[in-house]
Structures are given as C-alpha cells and as structure tokens.
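**Q** Now for the letters of each chain:
There are 2 protein chains.
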Amino acid sequence: MPHSLFDNHRALLDQAQTAIACRTHWSPYAENPRSYGEMALEDGLTAFEAYRNAQFYLDQPGLTGRCGGEISPYGLPLNVSYPRCSPEGLIAAAKSAMLPWVRAGIETRTGVCLEILARLNAGSAEMAYALMHTTGQSLGLAFLTGGPRAQARGLEALAWAYRAMTQVPAQAAWQRNISQRLEKRYMVAPLGVSLVIGCATQPTWNAYPALFASLSTGNPVIVKPHPTAVLPLALTVAVARQVLKESGFDPNLVTLLVGDPDDTPVLRDIARRPDIRLIDYAGAPDMGAWLRDNARQARLFIETGGVNCVLIDSSYDYKALLKNLVLSLCLDSGQLRTTPRVIFVSREGIETPDGMVDPQQFGRDLALALGKFVEEPARAAEVLGAIQSPATLARIAAVSELAETTAEILRHSSPIDHPQWPAARMHTPLLVGVDAAQRDFYMEERFGPIAVVVSTANAAESLALAEATMRDKGALNFLVHATRPHVQQFAEDVAVRAGVLLSLNLTGAALVNQPAGFSDFHASGANPAASCSMIDAAFVANRFYFSQVQQHYLPPSSIDWLVDP
Amino acid sequence: MPHSLFDNHRALLDQAQTAIACRTHWSPYAENPRSYGEMALEDGLTAFEAYRNAQFYLDQPGLTGRCGGEISPYGLPLNVSYPRCSPEGLIAAAKSAMLPWVRAGIETRTGVCLEILARLNAGSAEMAYALMHTTGQSLGLAFLTGGPRAQARGLEALAWAYRAMTQVPAQAAWQRNISQRLEKRYMVAPLGVSLVIGCATQPTWNAYPALFASLSTGNPVIVKPHPTAVLPLALTVAVARQVLKESGFDPNLVTLLVGDPDDTPVLRDIARRPDIRLIDYAGAPDMGAWLRDNARQARLFIETGGVNCVLIDSSYDYKALLKNLVLSLCLDSGQLRTTPRVIFVSREGIETPDGMVDPQQFGRDLALALGKFVEEPARAAEVLGAIQSPATLARIAAVSELAETTAEILRHSSPIDHPQWPAARMHTPLLVGVDAAQRDFYMEERFGPIAVVVSTANAAESLALAEATMRDKGALNFLVHATRPHVQQFAEDVAVRAGVLLSLNLTGAALVNQPAGFSDFHASGANPAASCSMIDAAFVANRFYFSQVQQHYLPPSSIDWLVDP
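For the record, the sequence lines run as chains A and U. Reading the first sequence from the start, the letters are residues 0 to 564 in numbering that gives the first Met the number 0. Reading the second sequence from the start, the letters are residues 0 to 564 in numbering that gives the first Met the number 0.
Hint data in this document are derived by calculation from the structure and do not stem from the laboratory. All figures in this text were calculated on a predicted structure; none of them were measured in a lab. Keep in mind that the hints are not guaranteed to be accurate.
Estimated spans, in silico, between C-beta atoms of each pair [unchecked claim]:
id: 1; chain 1: U; residue 1: R438; chain 2: A; residue 2: E48; range: 54 to 64 Å
id: 2; chain 1: U; residue 1: R33; chain 2: A; residue 2: Q174; range: 19 to 29 Å
id: 3; chain 1: A; residue 1: E347; chain 2: U; residue 2: N176; range: 28 to 38 Å
Heads up, incomplete: computed chain U residues facing chain A, CB under 8 Å, no partners named [claimed, not checked]:
id: 4; residue: A20
id: 5; residue: G68
id: 6; residue: V101
id: 7; residue: V167
id: 8; residue: R291
id: 9; residue: D292
id: 10; residue: I415
id: 11; residue: E491
id: 12; residue: N504
id: 13; residue: S518
id: 14; residue: A525
Here are the simulated lysine to any residue pairs, SDA-like style, with alpha carbons at most 20 Å apart [what the hints assert, rightly or not]:
id: 15; chain 1: A; residue 1: K94; chain 2: A; residue 2: G247
id: 16; chain 1: U; residue 1: K94; chain 2: U; residue 2: K244
id: 17; chain 1: U; residue 1: K318; chain 2: A; residue 2: R180
id: 18; chain 1: A; residue 1: K94; chain 2: U; residue 2: A463
id: 19; chain 1: A; residue 1: K94; chain 2: U; residue 2: I177
id: 20; chain 1: A; residue 1: K318; chain 2: U; residue 2: R180
id: 21; chain 1: U; residue 1: K94; chain 2: A; residue 2: Q488
id: 22; chain 1: U; residue 1: K318; chain 2: A; residue 2: Q550
id: 23; chain 1: A; residue 1: K94; chain 2: A; residue 2: D268
id: 24; chain 1: U; residue 1: K318; chain 2: A; residue 2: Y552
id: 25; chain 1: A; residue 1: K318; chain 2: A; residue 2: D357
id: 26; chain 1: A; residue 1: K94; chain 2: U; residue 2: R470
id: 27; chain 1: A; residue 1: K318; chain 2: U; residue 2: I177
id: 28; chain 1: A; residue 1: K371; chain 2: A; residue 2: A435
id: 29; chain 1: A; residue 1: K94; chain 2: A; residue 2: D274
id: 30; chain 1: A; residue 1: K94; chain 2: U; residue 2: P60
id: 31; chain 1: A; residue 1: K94; chain 2: U; residue 2: D492
id: 32; chain 1: A; residue 1: K94; chain 2: U; residue 2: E491
id: 33; chain 1: U; residue 1: K244; chain 2: U; residue 2: P60
id: 34; chain 1: U; residue 1: K371; chain 2: U; residue 2: H411
id: 35; chain 1: U; residue 1: K318; chain 2: A; residue 2: S178
id: 36; chain 1: A; residue 1: K94; chain 2: A; residue 2: R272
id: 37; chain 1: U; residue 1: K318; chain 2: U; residue 2: E375
id: 38; chain 1: A; residue 1: K318; chain 2: A; residue 2: R272
id: 39; chain 1: U; residue 1: K244; chain 2: U; residue 2: A96
By construction, the Cβ of each residue, glycine as well, lies at the ideal position given by its N, Cα and C atoms.
Here chain A stands alone, though its shape is the one from the complex (with noise of 0.2 Å):
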C-alpha cells in the first residue's frame, strides 16, 4: 500500500518522470518571491534573523560540542553555532536507522523524500537569505538558484531514481522445468552510509541530487557542510529530520557533520571509513584528486570542475554575442563551475555582418562591454554578487601581477560599492589577453571573476588548444560561436571527445552557466572536471543493488544427479 505522502505528492513525481524522459523547459517550484506570498522575503528575513547569535538546534546522537563561525561575503556575522558530532557517532546512528528504511519499500522512501522537498520550498525565501550570507551570491539569484532550482534539482534525482527502482518488479515466478522452480523476490537495497560534502558556492543546488538519490535508494546520508556555508545545510538536514520523524523513521537516516573552520582532518577521517560507500562531493581539485587517491571503498560522484572554453569564429550578431559573454562571466563573480574561464579567438579574425573583427579588437570589444555593464551599482551588484572567499581575491591580485609583466590586461579588476552593504567583498572581473603559446595562463581553471582571452592562428589551432585544454584539465562545456557548417560540426567532435556540453551560438539570456534542470546533463564523467554525469541513470543506480531472495516452493523432487535435465 503506497504511503500517504506518496499519494500526496504523486502528480508531481509523474510530471518530473515525463520531464526527464523529454527534456523540454520545466519548473516544479515557483521561480518568483512573490508567488511564495506578498510578504515572502520579508518574512524569510526575519526566520533568517532567528538563527543569528544563536544555537541551531538538532537532536543528533554522539555530541562532543558546538561549533560554527560563519561571516557573511557582505560582512555579516551570523554568529550561529551548531553541534559537533563525532564521525563514530553518526555513522553508528545511521547504520542503526537503515533497515526499517530499506523495507519501508520504495513508494514509501520517495514519498516522504518529496514531502521533505514541499517542505524545502516552503522555505525558499529564508534559505535565500542563509545562502545569499554564506555564499555571497546577491540576493535574487539566492533565492533562484539555492531555492526553487536547487530544489528542482532535488526532485530530478528522485525521478531518475524512482525509474532506476522501479525497472525490476518485486517478485517473479521463474521455473525451468518441474524440479526447478523458484520463487524471487526484488528488494532496493542501499550500498551503505552515503557521505555528502558540500561545496561553498553552490551549497544547495549541488548537494541536492545526492541527498535525494541516496536517502530515496535507501542510504542514510551524513552532510558535511563547507565551513564557511554550513547554515543552508544545516537547514535542509533540519527539515529532513523533522519529516522523517513524523513519517515514523529513524530520523537519522540524515544528520549534519561540522568541524572546525579548517576542517579537512574531520573531512580525512570520515571519507575512508569502511562504512562510507557513497561520497559526493563538489569543490576544489586537490580534495577530489585526494578521495579518489584515498577514499577507494567508496564509489564517488566528485565535481571539481575545469577550464571551460570558448571559441570565437564567427557570429551572426556580434554584440548580442558579447552582451551575452559578459553577462556569463559577470554571473555570480565567475564563482560557478560553469562560468567560461578561457576564450579562443583567431588572428584570421571574427566574420562579422559588420565585417571581421582581429584578437585585439575583440578584446577591446568584450572589456568595453564588460566596462558597461559592471558601471550600473544596482544592476552589477545583482548580477556579480558578493566574492565568496578571500582566496579568490588573491587570485585575482595574483594573476593581475602575473599578467602586468608578461601579457596584456585587457580590464583590471577593481573594489566596487554594494548599494547597501558597505563591507560586502566585491570586485569587477579581470579581463586578460594573451598568445597561444602562454599556456600557464590559460591550462588551468581559475576559479572566481578571471577570463583569458587567448589569440590563436587560425580556427583549427583553437580548436586543438581548447580540445588539450578541456581534455587535460577538464571542463563542464563549451561555447562556441561559429555561423560556418564545418567549424560547427568539428566542434562537435571535439565536445564529443573531450566530454563537454557544447552551446552553439548563445545569445539573450540563454547563458552557459545556467544548466537547465529536466533538460541539461551537468559533467559527463568523461573529463577531470568531475567523475559523473548529473543527472543520469548512472547517477542514481550506482547508490543500490537489487537484493534478491529466492526459495525453491515444490516439495523437493528426486534428484538424478544431473546438471541440467
């Protein structure tokens, strides 16, 4: 007998199961404040406001303190402390929680997956606010991308999941002939304890695909929030715990794991215990180069991300195409791993309507659009955001010095003025020129507000260069601009081998770095950017087996010592 909840939330589960399978635009959550109430981010400010200078409350087992010291990218103190749990503590609680989980069934584990989700969104607008002070994003795009998409995202997985589930029924009668017959039964069973670490950035919208296709595959899930964007998550586990203890589980089959600012000893530990069968992780390529030296009773879904690449051939509208790059690479500060990071234009020049446009103009072009853009403070706050992290600050100060001596600054990167938070950490993004042969300054992902423009010889030179490039250190996609049949279709081959997403032609609002849920695969797992797809059948059936239970149901005939009668 389904589960209530299921029945619930059934439709919506159905209509994500038809989005998957087609791939056109969907939007589950509502994508505006204002359909979340007239008073909607008012009140999200106020539930946000709770949590500062206090003790976030969560029932967890194994307590060995309190910790947390979050500061806001704007310059806030949240000043909220949480519960340290030991490791030892969690994944015993986790293991204990499991089995009534498992035979809950799958019906029952989904539905109540959706109803955290229902519960998520209800709360999009003071996750805005928690998301906006950990990750520095500006508040609009918080609440989209954190909110609503993250959570869109959320319900992807469980859908791709739930079909991966359902493809084995849960009995068969099977007989060969009179003296062998059996009886089978099908049950989802979980690989194990499913470790998910989340990133600073994007702490939402990348930790929800596997919180949701692990704990729906029946694996208890330990979040292990990055220090500096521990409250989003430590909001989601609130309301996962919270529904399941209301559903009758063990609530936890999902518990929150934080340590000290440097956390990495707590993150080593936990990563290569034996029980930890799952990890997913997004964020920086030394930690994921070190699970996957170190981690390897684990299977693991890393995102580290890359250097995605642009090439520049030819356009049908040149400043549609520049209006569109800049607002790709102002984005979020270039804090996205799928903001474009190197841009390959050939000294045979752009063709143009207007006529061909040389490297050196087109640098010109982009930084003077760029220059345009980041000059309104409303607009350019909106769209840039906060910096996350000091690191790319020195970054960006780093790759400027480096740039002064050897090639060329197309834009430097300058402090500007958030209208209303004074402190909030915000520079314009750096705009750097360089020749094909600069490698150093474009073969390696620079993470944050930085592009490289690279001048090449020709077409062919900037396909085999971003081909290296995205090959050898990984990329998430490819933009390209080409108008010619031939330029477009080796550039398919070239995203075809190197494992990207190839964007043809993007102009308007159609950005890059937006992936779009139900309809864009992020990663491919066939670069270094990261070891998976998101989301695929891969994505979710690598987080179970089909347990299997068979008895023999005649009453045992004779045997005549034959194999196969």
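Since the structure of chain A is already known, use the hints to place chain U on it.
**A** Same frame as chain A, now just chain U:
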C-alpha cells in the same frame, strides 16, 4: 533509419527487454548441442583441432611478435600461437576507430552487437572444445555455460544497455521564454577505451556482459584473456572483428591483447594508461585489489569472489538437502565464484522430519553423500571436470595438511581418473570440519574443491558468523536451509546487510551456484566480492554519458541584462 542488422535481430532484443523486466525463466539460445545439428559437436571438434598447432589469425595493428602456450587441464597441449601487439598500438587504433562507431547511433551499434552474438552462437560447439581444453570444464558444462549461457549474458547486457541508452530522446525543443529558446540534441557517447580482462575459469561467461555493454555504448574494447585461457576469447574477438568489418566499421574496435605466460607486467602497464577509462576484471582478489589501488583513472567492474556461506538450520527433506549441496560443491570442482565455501551448523542440531541431526552427524552424512556421488566415474567427470590450475591442487594439499593436525578431515581429496583423458588433473573435493573458533579455516576464500563445515553454538551464532564472514571477506550468495520463519527473516536481514543473494531451501537441480540469466543478479557491489552488480542499470550506464549539443535558434533578441527575465 535503423541498420538492417538491427531489424534482423529486433525481435530477439524485444524479447530480451521483456525478460529483464519480468525476470521469469528465459533461454534465448538453445542449450542442447543437438539443436545445433546432428553433427554439431563432431564439427566443433574438427574446427577446434584446426586451431591446434597453428598460428591464430588476427589482423591487428602494433604487431611485435607471437606468443601462447596453453595446455589443457586434460593434458592436451594446444600449441596455438597468437599475435602479440603493443598496448599503445591497440589503444591508438581503438581511439581512431571510435568516432564513426559513436556517430552510427544506438540502433546500428546494437544491431552489430546482436549479429556478433548470433555468429558466436553458431560457433558454440567449437567454443565448447576451446573452453573445455583451457578451463578444464567438462564438455557438457563448457558447451552450456561457455556457449549459450555466456551469449545470453551478452544479450542481457545489450538489453540493459539499450534500455539505458534510449531513456533520453535524440532531441528536444526547450523554451523558457521568448528570449530563451534552444534546440537540443542528445547522443550516447562513450567514456573511452574499455579493457576487459578475462578469467581462467569462465572466460566467456564473465567477459561477455562487459564486452557487449562497453561496445554497444560506443567504447572500443581491448580484450586481455588470462594466459591459460586465450583461445575462447581469441575466437570471440575474431568473430567480433569480422562482423565489424563486414558492417563497414573499423575492426580495431575490438582487439586482443596477449602477453607472456606471466603477463602481470603487461596488465599493470595497460591498466594504468589514461586512455583506459573502463576496466572489467574477474579473477583473483590480489589483482582486483591492485586495480582498485592503482587504476584510479578508470571505472572498475571487479569480481573477485569471496566466502559464500551456507547455514543449515532445519529442513523439510534432509536427503534432498544433502544431494543438492553435494552437487553444488562438486560442480566444476568448486571453481566457480558462486560455489559454497563454508557451511554453518549449530550444535543444537538440524531439525529434520526424521529428528535432530548434530554437526558431527551432518559432517558424516555430507561426506557419505559426496563419496557416493564421486564413486561413479562418468558422472563425476561430467560434473567435476578437470582442475584448471596446479595452484588449486597445492591449495588442497595445504588445507589438508593444516586440517590433519588442527581440525577434522571429513573427507579426503584424492585424485581420480577421467574415463577418456588419463592425464586429466582431477581430484575429489576436500571436506573439513572445524569449530566456530577456528576462523582461519573459513574467514578466507579457498578457491577450488574445498569446503568447510563449521559447528556453532546455535543458529544466532551461525547467522552472526556468516554475516561477519560475508561482510568482511565478501560473498556472492548465501544459502540457507530453514523451515522456521524467524530464522528465514533473520537470514534476510543478514543478506541485505551483507549484500548477498539469499537462496532458501534449495533442493533438486536448483543450484545456488548456477545464476539464471535475465532473472538473477550476480554480485551486489555492496561487499568485497565485487565492485558492481551484474547485470543492472549501473553496470551499463557507467559506460557512457549523454553528450549534448544545444543551439540558440532565435534571431538574437535584445537583452535587458536580467539574468532570468
């Protein structure tokens, strides 16, 4: 337009897709040699003899010499020499062959793979002799498991792969609003080059799922057979190359890599190369562990086996239980990864219709039934086959010696004669009785005809020890004889936690070590016996990703600098 080979085999594919969804009994390929013609086995023998004392023809790149030195466990030297090719030559050829194979699309690739299976099926009789004289299996078993049932496993993998590849449409029109309209195309793209490492005892049955899952999803495959069992996979590769060539594809999509009798260096060399992105391995745990620790650039599908446990609590028919268990222990001389290794019996006794049976009595009864079974030479030869490796004989000797002084030998292993092959390496199974405290005897896989009866205090201790053994050392299956419902329920919990297939009360010819294609899941990936389950969605979906190309198809509209208008 679907390829003609796809049309030819579409009905079979449809049936296979139904079979994986229903999981009732289905044998796609005839299992009786006579179905292949009155003279099929005779013709197969002639074909097999033609390979002996000759050079095996394969027109592969990177040729550096020839090698090969297989000797049949029945005493016959094969004297077949194979072309030795360099790993870099095979990898380069594989990469060059890839893109047209990818672009050919799902239906064409699947059609070609189905044709390869049809040709392999037609050659089942010669394959039976090739398998018999490399693995030591009896002719009957070699025909069955190495021919039709191995092919069925290949077909099962194709059915899962086809289902996974067709979950996403070829294209979608995506529109959020007037300024964001994208035309999207999706294509199945491979991870890279796939390395399939064959095993010594079931070279085709173990390799076919990997070969067909990888190839149909677009990956070129390099097949590396075990040095003692090259011929079955060389025949397979030759057939695949022939069909690829006839279909207009580069035959280097499937190649054979052979090395010296000790080919560990070749294997370790190729397994770590960056272009190798998928590795399938079935065999000894040490190489499995080495791959896990070293081939970290690849996705691994490893099956190394473990300690399959049996728990005997109570029985409806004690005699039938004994007969079934003896048959399982004898089948292929315990050289299946699914063979039961350890039998737990409580000192409280086995409840049977004829009264309680204590562990001592059970040991005597099992030894007696085993003796009765092996005393009939023709039947024994057919079920036991020959012992593939001299290392297995050494293992029998070592356990016997240890047991002489510290345990009870319930039945000695002794050489027996084969009716036709006087030089055949044949030994009866060794049966040892120990106490629960003697963990060294059972907490380790002892591959071959060696079984251990462990006496425990009670059923609870049996369950706990079985769980600990299977969780720590890995296992594929758990055979339980229990009439008491609570013992069955506990056994189910153990099976879920340990990640093993649970079989209850098997008698007759339903053997725990003969997994049924299209119905049983082989391994779970949830314990050390294997890193994956075969065959499920994860097994195929991990081999490809959805490559995506999207294009803005509006005349670029003006952009109002909003992220999401």
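**Q** Decide if the proposed pair is consistent with the structure: A:K94 and U:E491, CA atoms, cutoff 20 Å inclusive.
**A** Status holds; Cα separation ~16 Å.
**Q** Should the hint that U:V167 touches chain A count as held when the rule is a Cβ pair under 8 Å?
**A** U:V167 check passes; min Cβ-Cβ to chain A is 7 Å, inside 8 Å.
**Q** Holds or violated: A:K371 and A:A435, Cα atoms, limit 20 Å.
**A** Answer violated: A:K371 to A:A435 is near 28 Å, above 20 Å.
**Q** Going straight from one Cα to the other, do U:K244 and U:P60 come out at no more than 20 Å?
**A** Since the Cα atoms of U:K244 and U:P60 sit roughly 15 Å apart, the hinted pair holds (cutoff 20 Å).
**Q** Does the closest beta carbon of chain A sit nearer than 8 Å to the beta carbon of U:E491?
**A** 6 Å, holds
**Q** Can we keep the U:N504 interface hint, with Cβ of chain A closer than 8 Å?
**A** It holds, given that the least Cβ distance between U:N504 and chain A is near 5 Å, below 8 Å.
**Q** Is the straight-line distance between the alpha-carbon of A:K94 and that of A:G247 20 Å or less?
**A** Distance of about 17 Å is within 20 Å: holds.
**Q** When you check the alpha-carbon spacing of A:K94 and U:I177, does it fall within 20 Å?
**A** Roughly 50 Å separates the two Cα atoms, so the pair is violated.
**Q** Falls inside 54 to 64 Å, the C-beta gap from U:R438 to A:E48?
**A** 59 Å, holds
**Q** Against the 20 Å threshold, does the CA-CA distance of U:K244 and U:A96 hold or violate the hint?
**A** Measuring from Cα to Cα gives roughly 12 Å; hence the hint holds.
**Q** Would you mind confirming whether the straight-line C-alpha gap from A:K318 to U:I177 stays at or under 20 Å?
**A** Judged against 20 Å, a Cα distance of about 19 Å means the pair holds.
**Q** Is the gap between the beta carbons of A:E347 and U:N176 within 28 to 38 Å?
**A** 36 Å, holds
Of the hints listed earlier, those the structure fails to meet are numbers 5, 10, 19, 28, 30, 38, in rising order.
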